[in-house]
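Position chains B, C and D relative to chain A; hints supplied.
Chain by chain, the residues:
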Amino acid sequence: MTDETTTTGWTADEMMTVAAARQLRDGTACFVGIGLPSTAANLARATHAPNLVLIYESGCLGAKPGRLPLSIGDGVLADTADAVVSVPEVFNYWLQPGRIDVGFLGAAQLDRYGNINTTVVGGDYGAPKVRLPGAGGAPEIAASCGEVVVIVRQDLRTFTERVDFVTSVGYGTGPGDRERLGLRGGGPRVVITDLGVLAPDPVSCELTLTRLHPGVTREQAQAATGWDLAVAEGLTTGEPPTARELAVLRALEATKADGRRQ
Amino acid sequence: MTDETTTTGWTADEMMTVAAARQLRDGTACFVGIGLPSTAANLARATHAPNLVLIYESGCLGAKPGRLPLSIGDGVLADTADAVVSVPEVFNYWLQPGRIDVGFLGAAQLDRYGNINTTVVGGDYGAPKVRLPGAGGAPEIAASCGEVVVIVRQDLRTFTERVDFVTSVGYGTGPGDRERLGLRGGGPRVVITDLGVLAPDPVSCELTLTRLHPGVTREQAQAATGWDLAVAEGLTTGEPPTARELAVLRALEATKADGRRQ
Amino acid sequence: MDGRTNLSLTDVVPRRTFEMSTAVRMANKGGRLMAKLVSLAEGVAHLVRDGDVVALEGFTHLIPFAAGHEIIRQERQDLTLVRMTPDVIYDQLIGAGCARRLVFSWGGNPGVGSLHRFRDAVQNAWPRPLELEEHSHAGMANRYVAGASGLPFAVLRGYTGTDLPAHTTNIRPITCPFTGETLTAVPALRPDVTVVHAQRADRDGNVQMWGITGVQKEAVLAADRSLVTVEEIVDELEPVPGQVVLPGWAITAVAEVPGGAHPSYAHGYSVRDNDFYRAWDAVSRHRDTFRAWLDQHVHRAGAAA
Amino acid sequence: MDGRTNLSLTDVVPRRTFEMSTAVRMANKGGRLMAKLVSLAEGVAHLVRDGDVVALEGFTHLIPFAAGHEIIRQERQDLTLVRMTPDVIYDQLIGAGCARRLVFSWGGNPGVGSLHRFRDAVQNAWPRPLELEEHSHAGMANRYVAGASGLPFAVLRGYTGTDLPAHTTNIRPITCPFTGETLTAVPALRPDVTVVHAQRADRDGNVQMWGITGVQKEAVLAADRSLVTVEEIVDELEPVPGQVVLPGWAITAVAEVPGGAHPSYAHGYSVRDNDFYRAWDAVSRHRDTFRAWLDQHVHRAGAAA
Chain A
1 MTDETTTTGW TADEMMTVAA ARQLRDGTAC FVGIGLPSTA ANLARATHAP NLVLIYESGC
61 LGAKPGRLPL SIGDGVLADT ADAVVSVPEV FNYWLQPGRI DVGFLGAAQL DRYGNINTTV
121 VGGDYGAPKV RLPGAGGAPE IAASCGEVVV IVRQDLRTFT ERVDFVTSVG YGTGPGDRER
181 LGLRGGGPRV VITDLGVLAP DPVSCELTLT RLHPGVTREQ AQAATGWDLA VAEGLTTGEP
241 PTARELAVLR ALEATKADGR RQ
Chain B
1 MTDETTTTGW TADEMMTVAA ARQLRDGTAC FVGIGLPSTA ANLARATHAP NLVLIYESGC
61 LGAKPGRLPL SIGDGVLADT ADAVVSVPEV FNYWLQPGRI DVGFLGAAQL DRYGNINTTV
121 VGGDYGAPKV RLPGAGGAPE IAASCGEVVV IVRQDLRTFT ERVDFVTSVG YGTGPGDRER
181 LGLRGGGPRV VITDLGVLAP DPVSCELTLT RLHPGVTREQ AQAATGWDLA VAEGLTTGEP
241 PTARELAVLR ALEATKADGR RQ
Chain C
1 MDGRTNLSLT DVVPRRTFEM STAVRMANKG GRLMAKLVSL AEGVAHLVRD GDVVALEGFT
61 HLIPFAAGHE IIRQERQDLT LVRMTPDVIY DQLIGAGCAR RLVFSWGGNP GVGSLHRFRD
121 AVQNAWPRPL ELEEHSHAGM ANRYVAGASG LPFAVLRGYT GTDLPAHTTN IRPITCPFTG
181 ETLTAVPALR PDVTVVHAQR ADRDGNVQMW GITGVQKEAV LAADRSLVTV EEIVDELEPV
241 PGQVVLPGWA ITAVAEVPGG AHPSYAHGYS VRDNDFYRAW DAVSRHRDTF RAWLDQHVHR
301 AGAAA
Chain D
1 MDGRTNLSLT DVVPRRTFEM STAVRMANKG GRLMAKLVSL AEGVAHLVRD GDVVALEGFT
61 HLIPFAAGHE IIRQERQDLT LVRMTPDVIY DQLIGAGCAR RLVFSWGGNP GVGSLHRFRD
121 AVQNAWPRPL ELEEHSHAGM ANRYVAGASG LPFAVLRGYT GTDLPAHTTN IRPITCPFTG
181 ETLTAVPALR PDVTVVHAQR ADRDGNVQMW GITGVQKEAV LAADRSLVTV EEIVDELEPV
241 PGQVVLPGWA ITAVAEVPGG AHPSYAHGYS VRDNDFYRAW DAVSRHRDTF RAWLDQHVHR
301 AGAAA
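Residue numbers (my numbering), protein chains in the order written: chain A, 1 to 262; chain B, 1 to 262; chain C, 1 to 305; chain D, 1 to 305.
There's no promise every hint is true.
From the structure, some residues in chain D lie toward chain A, with a derived Cβ separation under 8 Å [as the list claims (entries may be wrong)]: (1) G107; (2) E134; (3) A141; (4) V145; (5) Y159; (6) G161; (7) P165; (8) N274.
Rather than coming from a laboratory, the hints here were simulated on the basis of the structure. Where is the CB? At the ideal position from N, CA and C, for every residue including glycine.
Only chain A is shown next, with the shape it has when bound in the complex (with noise of 0.2 Å):
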């Protein structure tokens, strides 16, 4: 989170937080990443969506912490826990049949057809300009889960037209690709951004700007857009955050500078 807080009283990354957690809808389940995926899943289920099931790839099914874990597999994570189950367990029994209704991911690279790349950028993959972390389980993540909701913050560098390595596949190179590779889940449905949201074009599959956050400009959006960014008919501004959401995201950020020392 960036300390800048904008006159109108909170940060483009609380508001990109807050726009993701509702996205979540109360009773679905949710294979959450750590990070920005972890804390819009809990503030979700500390809000509107008190019934979300939170599946963390460490193998906790159900988890219900009361503060923000740092990894994923904190103690409070199985402590909170439905049921803990092994790691293959929850890659082949959960997440592969397609039993996890969302799924939650960051990108260090995003292309206009929702392809994500986390793995190298620059440079090529023998000899990498920036190694990033790789896969972990996001690719399998990005193929069964029922949706994929991205989250990420929206620049130039991020937001690319072609990625330089899929990580994971969101529409491929378009129309009929994830049929054609065979992937089950639905791919990405949406994408949350620092400046707005934006949501595949139903013929195209494009990425496209469908609401700004408050106070943000489709020029701006534009400007920290790789690509010619295609802009929904009916763009909308979104909401604020309410206090509420504000509050309560607040509160949980400030449990991550306690579980330093847990």
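Using the frame of chain A, we list chains B, C and D on its own:
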């Protein structure tokens, strides 16, 4: 067990069970089926092999039952096991990789190469004269244990030239067959019957009479065998049950009755 | 059964994930349903249908006998019965005429002997013919694993050299793409409905079982629909060593049926009634004694409940 | 370490079951060995060899840091390091120059950021070049499962459409022999040695762990040899909810190393030292600060022990 006690003070079934128990070395891991194998394995554990590790296909690893279970899933097995694992795990992680030293099998029919039938007798598969229980864990026990011990009553119905159905492979049609089939366990090392002990000839793989129980003649053994029975040059007569073996075995058998109302 | 468990099941939907129909996906879209608490009769009425592929699992322990009896009482027909060890529970279902086909790996009365109703069906087609598809335990267990994993098949070292592959198309060779080695493939089991018994559930339908848990988790997760009978429904599932917990959202319905595993047992609640298993040999040996038993202990017991 | 644990390891034999040499099979014939209780230094000296394929597993929880430090102190070379999440522990081993090759699925400092020693090795070949073989978590987990199962490969729905298969020959398509569907195969992982940390062992070397148990069972069972460090050795393993028990006869050696997972944690014994993970970012960012840390906290700490 038959109730017919010989003049020497033990039944043929008792002699068979004692002879089978003696085949189990202390400290080995043994995959145990219910019935005679379970009785013999528990007799071994109560006498010369206190560290015998009993594996039951219900997922009980290292069970130490104080009484004979009636089924492979009796509660006493789970209560006394070092670990209870799922049924897929016991077959995939424990049996299949060859972690179990000895597989202990019974048979409805057995041929000269130690192949076992527990599926159908007579008629054809679709309309058999006698429908038997089937394979259970036996095919993979026979394939993957370090070695197999067979315990079976010897008579013309059971010891047949050819089994009507190969449920579990011994030496197939003879030397080299196990290797050709890719079976990684050693196959039947010994067959214990109520008349004596047979072992595969090292060259021909044919089951060969190597030992008679006290009071049994080679003619009796041949008369109970549906093929021309090979007899080892150094055919010996085994030791009768010791007083301790008999006492422990009878005490164990008595617990089976106790178990009726466990 | 217990009055508090008779909620309606009309909105229960299949859970076959990717194989779900569009209509069902839509119905499920607003949120994942927790398992419904139902009566046993309701659960069977709504979830077990004529012609279904039905798995009643439980490896000696936790066998869902009460649910099997309810299936007999509701006179389900043409079932394909799936079970690693079709012991006394399937002897009863087969003898009652519910089954058209049996997929299994070991059909006996454990520690006692043969299943006479099963034999009568195979050898004499009584009360109706019974098709068999026969596997090994390792093969059946892996077929459930594949089903639970959303894979079309599983790979194992199994069946090689036996006569089993000659009698089904569901055992085939497969080559390792790395070593060239030949192994064995079996197709996933995907029952229409799986029924298991467990010790406890909470009011959200989260199920807890312990002791020998066999292949129950896999059988439930492999199925389109699932019904779990439990010894008791509790407010809070106290953790127990050796427990397997199935989240309520992975289960279709839960019914409280104390003693629902008898003559099998529920670790911590009851012990195996070995006398029953021994007595079954005589009861089941003849059609008349079997029918009399069925009438008295299943049909009339149900009417009294 | 503790005096009671320094039994000799000279008769410890590999456990690669069917891949065991004949000599080893004969040596093992008389009976299955229980896990030896050893000191950490002995365990690493006898079980981790130059050039080995080594897996140190533990998914955030129960990471065997102390064993990793002992490997650094004993200056093992040319290791192929295998791990789903080569986080701070492998950053240390890579920075110390022990590794030639890394097989992994996610290399980061969880919740903090990048691994600077890992990046320096990949981007600048410091202190030596590091070959990568890169997978997804699902692929790595299934590779361990195949290893534990004695199978040459595993099948999953994975990697499809990504650029990962282009960079290794260890991701290949496989066709379902029943449906014709194309899936993905990955080869079994069979480490020469796996090292894990657990809460407890008894004197027969039976090991008990609970909480998040990750892929540790599979990693141990997949390996030729195994070393388990534990918080304590006890007379009796009291059953605990969520426990995984590994029988002593499936493990090569056990060493009592209280706090051996720090800065990771052992559920019920310690908590994750999140400050350490955060501080590692600065410590590891530069070669000099890393070397100073290594000298003070690994080399000198070992000399003092």
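Now the hints, each set against the structure:
no. : hint : result
1   : G107 : holds (5 Å)
2   : E134 : holds (6 Å)
3   : A141 : holds (4 Å)
4   : V145 : holds (5 Å)
5   : Y159 : holds (6 Å)
6   : G161 : holds (4 Å)
7   : P165 : violated (10 Å)
8   : N274 : holds (5 Å)
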